[in-house]
Amino acid sequence: MKNYIAFDVGGTNIKYGVINSLGEIITKNKFKTPSDSLDNLIDSMVKVIKSYQKEYKVEGLALSCPGAVDNIVGDVKGSSALPYIHGPNIRNILNSRTGLEVSMENDANCAALAEVWKGSASDVDDVLFVVIGTGIGGAVIKDRKLHVGKHLHGGEFGYMIMEKDFQSGELTNFSEAASSYAIRKKASELKGVPIEELEGEEIFRMAQQGDKLCQEAIDICITNLAIGIFNLQYSFDPEKIILGGAISAREDIVDILNEKIKYLISLKPIATIFPTIERCKFKNDANLIGAVYNYISSGK
Numbered sequence: 001m002k003n004y005i006a007f008d009v010g011g012t013n014i015k016y017g018v019i020n021s022l023g024e025i026i027t028k029n030k031f032k033t034p035s036d037s038l039d040n041l042i043d044s045m046v047k048v049i050k051s052y053q054k055e056y057k058v059e060g061l062a063l064s065c066p067g068a069v070d071n072i073v074g075d076v077k078g079s080s081a082l083p084y085i086h087g088p089n090i091r092n093i094l095n096s097r098t099g100l101e102v103s104m105e106n107d108a109n110c111a112a113l114a115e116v117w118k119g120s121a122s123d124v125d126d127v128l129f130v131v132i133g134t135g136i137g138g139a140v141i142k143d144r145k146l147h148v149g150k151h152l153h154g155g156e157f158g159y160m161i162m163e164k165d166f167q168s169g170e171l172t173n174f175s176e177a178a179s180s181y182a183i184r185k186k187a188s189e190l191k192g193v194p195i196e197e198l199e200g201e202e203i204f205r206m207a208q209q210g211d212k213l214c215q216e217a218i219d220i221c222i223t224n225l226a227i228g229i230f231n232l233q234y235s236f237d238p239e240k241i242i243l244g245g246a247i248s249a250r251e252d253i254v255d256i257l258n259e260k261i262k263y264l265i266s267l268k269p270i271a272t273i274f275p276t277i278e279r280c281k282f283k284n285d286a287n288l289i290g291a292v293y294n295y296i297s298s299g300k
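Here the sequence shown is numbered in UniProt numbering, starting from 1 and rising by one per residue.
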């Protein structure tokens, strides 16, 4: 049985752990993401690695990172909440500091790979992974492999244009129309209170208690989410669409979306394909597990 050290690089915390070749998490922990420099991040990671190497025989390092991760070159393009990770060749730096082989992939792509390996998409070949959080991202899986696209932006569903205000010319993308943040923003507008006073869970709680304005905010944004999923089904025709992110924690989300999509199809009878939607299995551990699967799949 081989062991790997995985890191999930996030804007707030760096999650890490030792995961074996069966996808089982042996141990895991986290530390606060350094706000100042890549050097401090690398130093903190190397400290973890050396500590684990004393206890486990480690085959390699597997990284999950935000941004447009180039798994071939070993750097991170694009942008994210951590500007300092973009540009430097992180793979070469970690390899030279530890002597271990390093694989890297985008965080949403890693989450999708975890579901393909051992999760909700383990029984299909073609799947879309849609992450609904502050924004909307995701991943495209074709023949059980990642499709990252020419510019490493495959799965960036949040950029899809959903609405246009023809008077102002303002465009609304998928993230702005259907994310967890969109629900907060819409509830803030309808209730006339600062968005800082409304958290997602609180809005859903108030809606369940009969707050009509919270119910309306949720209905608008979930309808937009259903429209986006409907469009993705007809764009890629996947066997499944797997939901990740904060909203996937809601046990009723699939039932709600199915009702919305049923209504959409009733308005367009020519559209007869009903998406198969499921929630992700691994939740907060998905990025770590998927990073290891990416390492194994890359043949290092």
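Simulated from the structure, these hints should not be mistaken for laboratory data.
Warning: the hint list may mix true and false statements.
To be verified - Okay, the calculated beta carbon distance ranges per label pair:
| # | residue 1 | residue 2 | range |
| --- | --- | --- | --- |
| 1 | 216 | 39 | 30 to 38 Å |
| 2 | 194 | 145 | 26 to 34 Å |
| 3 | 246 | 273 | 26 to 34 Å |
| 4 | 153 | 237 | 14 to 22 Å |
| 5 | 11 | 194 | 17 to 25 Å |
Said to hold, decoys possible - Keeping only pairs whose Cα atoms sit at most 27 Å apart, straight-line, the calculated BS3-like set for lysine-lysine is:
| # | residue 1 | residue 2 |
| --- | --- | --- |
| 6 | 118 | 281 |
| 7 | 77 | 2 |
| 8 | 145 | 240 |
| 9 | 145 | 281 |
| 10 | 54 | 77 |
| 11 | 191 | 260 |
| 12 | 150 | 185 |
| 13 | 262 | 164 |
| 14 | 145 | 164 |
Ideal placement from N, C-alpha and C gives every residue a C-beta, glycine not left out.
Worksheet item: Do residue 153 and residue 237 keep their Cβ atoms within the hinted range of 14 to 22 Å?
Response: Since residue 153 and residue 237 have Cβ atoms about 20 Å apart, the given range 14 to 22 Å holds.
Worksheet entry | Hint consistency between residue 145 and residue 281 [alpha-carbon to alpha-carbon, up to 27 Å] | holds, 19 Å
Discussion item. A range of 26 to 34 Å was offered for this pair. Does it hold for the Cβ distance of residue 194 and residue 145?
Written reply: At roughly 45 Å between Cβ atoms, residue 145 and residue 194 fall outside 26 to 34 Å, so the hint is violated.
Worksheet item: Between residue 77 and residue 2, does the CA-CA distance stay at or below 27 Å?
Response: Distance ~30 Å between residue 77 and residue 2 Cα, so the pair is violated.
Fill in: Pair hint outcome, residue 150 versus residue 185 [Cα-Cα no greater than 27 Å]
violated, 33 Å
Practice prompt. Compare the distance between the alpha carbons of residue 54 and residue 77 with 27 Å, and conclude whether the hinted pair is satisfied.
Written response: At roughly 33 Å apart (the allowed maximum being 27 Å), residue 77 and residue 54 break the hint.
Item to complete: Evaluate the given range 26 to 34 Å for the C-beta pair formed by residue 246 and residue 273.
Response: Since the Cβ atoms of residue 246 and residue 273 sit about 27 Å apart, the hinted range of 26 to 34 Å holds.
Fill in: 27 Å limit on alpha-carbon distance, applied to hinted pair residue 191 and residue 260
holds, 24 Å
Worksheet item: residue 145 and residue 164: Cα distance at most 27 Å?
Response: violated, 34 Å
Worksheet item: Could one say that the CB atoms of residue 11 and residue 194 fall in the range 17 to 25 Å?
Response: Cβ of residue 11 to Cβ of residue 194: about 23 Å, so the range 17 to 25 Å holds.
Worksheet item: For the pair supplied as a hint, residue 118 and residue 281, is the alpha-carbon distance within the 27 Å limit?
Response: holds, 9 Å
Item to complete: Compare the distance between the alpha carbons of residue 262 and residue 164 with 27 Å, and conclude whether the hinted pair is satisfied.
Response: holds, 25 Å
Violated hints, in rising order: 1, 2, 7, 10, 12 and 14; the structure is consistent with all others.
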